[in-house]
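Colleague: As a plain string of letters, each chain reads:
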Amino acid sequence: MGFAVRTYNVLVYEPEAVRPELRIAEAVLASVEAKANTPFANVIIPGLAKLGLIPQGMSLEDFAARAHELPEAIAEKMAVPEGSSASS
Amino acid sequence: MRPYERLGRVPGVLGDFAKIYAELAPGGIPVTLFNTACPGPGNDYGRLAEIIGEFPAVYESTWVVTTSLREPMPEGFRALVERRAGAANPAGAAARRLAVSTGSPCYVPIGDSIVIRAVGEAGAVVLDRLKFLRKLGQPQKPG
Chain E
-19 MGFAVRTYNV LVYEPEAVRP ELRIAEAVLA SVEAKANTPF ANVIIPGLAK LGLIPQGMSL
41 EDFAARAHEL PEAIAEKMAV PEGSSASS
Chain W
32 MRPYERLGRV PGVLGDFAKI YAELAPGGIP VTLFNTACPG PGNDYGRLAE IIGEFPAVYE
92 STWVVTTSLR EPMPEGFRAL VERRAGAANP AGAAARRLAV STGSPCYVPI GDSIVIRAVG
152 EAGAVVLDRL KFLRKLGQPQ KPG
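In order, the protein sequences belong to chains E and W. Counted the way this note's numbering counts, the first sequence spans residues -19 to 68. Counted the way this note's numbering counts, the second sequence spans residues 32 to 174.
The following block holds chain E by itself, in its conformation from the complex (with noise of 0.2 Å):
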């Protein structure tokens, strides 16, 4: 079964004029993406590995950058990347 991981992109405006300390998009965008990627990171990445579906030690960003092909039974239990984000 086909599996890839898709990114989501989410726009941020903060103009200049907010004062520095009220400065957070970027904060935002990192904390989204922190807690979309890591469940997927932490858990499916290392449970592929460990059944000799992807390489061990496999990074994320090499996992999404192609699709892949997974015993269905595996990829319909996936949970995606929650909602991956920020174009990361």
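To be clear, the hints were calculated from the coordinates, so they are not data collected in a lab. Here a beta-carbon is modelled for each residue, glycine too, at the ideal position from N, C-alpha and C. Mixed in with the good hints there might be a few duds.
As the list claims (entries may be wrong) - Short, incomplete list of chain W residues facing chain E, as computed with Cβ under 8 Å:
#, residue
1, Leu38
2, Phe48
3, Ala49
4, Ile51
5, Gly59
6, Ile60
7, Thr63
8, Phe65
9, Cys69
10, Gly151
11, Ala153
12, Gly154
13, Val157
14, Leu161
15, Leu167
Starting from the known structure of chain E, fit chain W onto it as the hints suggest.
Modeller: Frame of chain E; chain W shown alone:
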């Protein structure tokens, strides 16, 4: 973060906004985050409200808006947000909420903790919307 890394920052002026938009729009934009906690002078939100039609993928997206009681949004933009949020939406309460206000960094006395909380709240709302839209299976490309 790649488009932002290429730009070197998140958009702070409308020209930068247009550049990032041009990069992201072809893939669809499910969520747009606006931090409106800024004082009037130099605040482009009034102008943005006037030209938002030039950014159809943004118009189609869900807006997540961080607000500030101390620095009210320009009237035109505020009206746009309220209309999208549903209160003034002629389609009524059942209308799909296209704008969500969240995570004000300065509703209360400003301090690190409230800013951190604002980041957490806004991040959670963005992620929730992404998950929700994924469930709907929307590519979020402009029509």
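Colleague: Next step is simple, just say for each hint if it's right about the structure.
Modeller: A quick look at each hint next to the structure:
With its C-beta approaching chain E no nearer than about 11 Å, Leu38 (chain W) sits outside the 8 Å limit, and its interface hint is violated. Given the 8 Å rule on beta carbons, the hint for Phe48 (chain W) holds: about 5 Å separates it from the nearest Cβ of chain E. For the restraint placing Ala49 (chain W) at the interface with chain E, the shortest Cβ-Cβ distance is roughly 10 Å, beyond the 8 Å limit, so the hint is violated. Hint status for Ile51 (chain W) relative to chain E: holds, with the closest Cβ pair at about 6 Å, below 8 Å.
Hint status for Gly59 (chain W) relative to chain E: holds, with the closest Cβ pair at about 7 Å, below 8 Å. Checking Ile60 (chain W) against chain E: minimum C-beta separation of about 5 Å stays under 8 Å; hint holds. The beta carbon of Thr63 (chain W) comes within 4 Å of a beta carbon in chain E, closer than 8 Å, and the hint placing it at the interface holds. Hint on Phe65 (chain W) holds. Least Cβ distance to chain E is approximately 5 Å, under the 8 Å limit.
Interface hint status for Cys69 (chain W): upheld, as the beta-carbon distance to the closest one in chain E is roughly 4 Å, under 8 Å. At a threshold of 8 Å, the smallest CB-CB gap from Gly151 (chain W) to chain E is about 7 Å, leaving the interface hint in force. The beta carbon of Ala153 (chain W) comes within 5 Å of a beta carbon in chain E, closer than 8 Å, and the hint placing it at the interface holds. The interface hint given for Gly154 (chain W) is met, as the beta carbon of that residue sits about 3 Å from the closest beta carbon of chain E, less than 8 Å.
Because the closest C-beta pair between Val157 (chain W) and chain E is about 5 Å apart, less than 8 Å, the hint holds. For Leu161 (chain W), the interface hint holds, since its Cβ comes within 8 Å of a Cβ in chain E; the closest pair sits about 3 Å apart. Checking Leu167 (chain W) against chain E by beta carbon gives a least distance of about 12 Å; that is not within 8 Å, so the hint is violated.
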